[in-house]
Amino acid sequence: MTIESLLLRFHSDMVSVERLSENSAATYEECAKIFLNWLSYEEIKLAAVNPQVLLSFLIWRRTELKCDEHTIAKDISGLRALGSYLVRQKMWEENHAMLLDRPKASRSLPKVLSIEQVDSLLDSIDISTPLGIRDRALFELIYSCGLRISEAATLQVSNLHLKEQLLIVHGKGDKERMVPFGLSAKEKLEQYLMEVRPVLVGSKVVSEVFVNYKGEPMSRKGIWKNFKALEAKAGVQAKVHTLRHSFATHLLAGGMDLRSVQELLGHSDLATTTIYTHVDDKQLREGHKEFFPGHNHD
7 MTIESLLLRF
17 HSDMVSVERL
27 SENSAATYEE
37 CAKIFLNWLS
47 YEEIKLAAVN
57 PQVLLSFLIW
67 RRTELKCDEH
77 TIAKDISGLR
87 ALGSYLVRQK
97 MWEENHAMLL
107 DRPKASRSLP
117 KVLSIEQVDS
127 LLDSIDISTP
137 LGIRDRALFE
147 LIYSCGLRIS
157 EAATLQVSNL
167 HLKEQLLIVH
177 GKGDKERMVP
187 FGLSAKEKLE
197 QYLMEVRPVL
207 VGSKVVSEVF
217 VNYKGEPMSR
227 KGIWKNFKAL
237 EAKAGVQAKV
247 HTLRHSFATH
257 LLAGGMDLRS
267 VQELLGHSDL
277 ATTTIYTHVD
287 DKQLREGHKE
297 FFPGHNHD
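Using the numbering used here, the first residue of the sequence shown is number 7, and each one after it goes up by one.
Treat the hints as calculated values from the structure; they're not laboratory data. Some hints here could point you the wrong way.
Dumping the calculated DSS-like pairs for lysine-lysine here, alpha-carbon to alpha-carbon at most 25 angstroms [said to hold, decoys possible]: (1) K192 with K169; (2) K80 with K117; (3) K96 with K39; (4) K117 with K51; (5) K227 with K117; (6) K51 with K39; (7) K192 with K181; (8) K117 with K39.
Quick list of simulated restraints, FRET-style, between CB atoms [unchecked claim]: (9) N56 with M200: 14 to 20 angstroms; (10) M262 with G208: 24 to 30 angstroms; (11) T8 with S120: 53 to 59 angstroms; (12) S213 with E100: 24 to 30 angstroms; (13) I174 with E24: 45 to 51 angstroms; (14) N165 with L14: 53 to 59 angstroms; (15) E100 with S209: 56 to 62 angstroms; (16) N29 with M184: 45 to 51 angstroms; (17) S225 with H76: 39 to 45 angstroms; (18) E49 with D275: 30 to 36 angstroms; (19) Q197 with A240: 18 to 24 angstroms.
Cβ coordinates follow ideal geometry from the N, Cα and C atoms, glycine included.
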């Protein structure tokens with residue numbers, strides 16, 4: 007079936023079966039036309055479409071064509087309508103577009119740091135002091151695992167598995183998830199746990215990984231204050247939560263699938279994770295090369 011014939015049948019179905027207005031049908035048909043032509047250009051079969059392909063399409067629309075959130079929202083509505091039609095025609099087993107979350111015009115996109123900015127921020131920590139060694143381990147881990155500030159503050163020693171490079175995190179709603187962390191975070195943690203934490207804690211029994219100068223568990227406010235000082239020193243505008251946003255965006259830009267990122271972040275709804283379609287042009291091209299190595303990138 008050609009793209010033109012599929013679009014004709016799709017339009018007819020929207021008007022006669024779904025009872026949509028002619029304006030809505032025309033809008034959704036135009037969205038579907040752009041999507042189907044993009045699939046053809048990228049040499050992706052319609053039957054092979056999954057949430058990750060849809061996400062790549064939306065990233066392309068947002069960054070390459072500079073579409074605003076209103077247009078992206080219309081795209082998603084069009085993709086949902088197309089998906090519904092394809093399911094009824096038994097061309098798709100499920101409507102993958104229902105997993106996409108329409109952006110709200112009032113909802114600001116998360117600020118994201120580049121990998122270079124994250125490195126600059128972390129490298130500005132003075133590790134010649136015990137608390138500097140602690141902060142480097144803390145913020146390295148937050149970025150490496152995409153932790154919320156509360157999750158870092160309450161992280162238990164018993165849930166930190168250095169050898170396996172894994173954390174067991176208790177997130178929102180006391181939901182538990184397992185998150186791997188990188189070699190750099192492992193090295194910084196080992197230094198903190200061996201050289202600094204025992205001195206700070208002394209004879210006290212403290213179950214939390216990160217402690218303050220009194221050897222007591224670090225509070226969310228304490229972590230926030232330390233990060234503010236670090237932000238000023240590094241000259242990088244960010245919040246602690248920006249590290250979590252950056253973690254998610256860098257994974258998606260590097261080629262990780264949406265559901266895996268959802269699991270790592272502890273999102274109960276996949277739609278929440280789709281906000282990380284906000285990546286800059288450089289990150290997009292790097293990720294796109296991995297997804298479509300045969301495509302020519304100018």
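Here is how each hint holds up against the structure:
A C-alpha spacing of about 8 angstroms is found between K192 and K169, which places the hinted pair at or below 25 angstroms, so the restraint holds. Taking the CA atoms of K80 and K117, the gap is about 23 angstroms. The hint holds against a cut of 25 angstroms. Pair hint K96 plus K39 holds up; C-alpha atoms about 19 angstroms apart against a cutoff of 25 angstroms. Distance hint between K117 and K51 is unfulfilled; the C-alpha atoms sit about 34 angstroms from each other, more than 25 angstroms.
For the given pair, K227 sits about 21 angstroms from K117 by alpha-carbon distance, which is consistent with the 25 angstroms threshold. At roughly 14 angstroms between alpha-carbon atoms, K51 and K39 fall within 25 angstroms of each other, so this suggested pair holds. As the CA atoms of K192 and K181 are separated by approximately 24 angstroms, the hinted pair is consistent with the 25 angstroms bound. Distance hint between K117 and K39 is unfulfilled; the C-alpha atoms sit about 32 angstroms from each other, more than 25 angstroms.
Evaluation of the 14 to 20 angstroms hint for N56 and M200 yields a failure: the beta carbon distance comes to about 44 angstroms. M262 and G208 have their C-beta atoms about 41 angstroms apart, which leaves the hinted 24 to 30 angstroms range violated. In this structure the hint that T8 and S120 lie 53 to 59 angstroms apart at CB is violated, the actual value being about 42 angstroms. In this structure the supplied range 24 to 30 angstroms is violated for S213 paired with E100, their Cβ-Cβ distance being about 43 angstroms.
The hinted window of 45 to 51 angstroms between I174 and E24 holds, with their beta carbons roughly 46 angstroms apart. In this structure the hint that N165 and L14 lie 53 to 59 angstroms apart at CB holds, the actual value being about 57 angstroms. At roughly 58 angstroms, the beta-carbon separation of E100 and S209 lies within the given 56 to 62 angstroms, and the hint holds. A hinted range of 45 to 51 angstroms holds for the C-beta pair N29 and M184, which are about 48 angstroms apart.
As the Cβ distance of S225 to H76 is approximately 41 angstroms, the hint placing it in 39 to 45 angstroms holds. A hinted range of 30 to 36 angstroms for the beta carbons of E49 and D275 is consistent with their spacing of about 31 angstroms. A C-beta distance of roughly 21 angstroms is found between Q197 and A240, which places it inside the suggested range of 18 to 24 angstroms.
Of the numbered hints given earlier, the model fails hints 4, 8, 9, 10, 11 and 12; all others are met.
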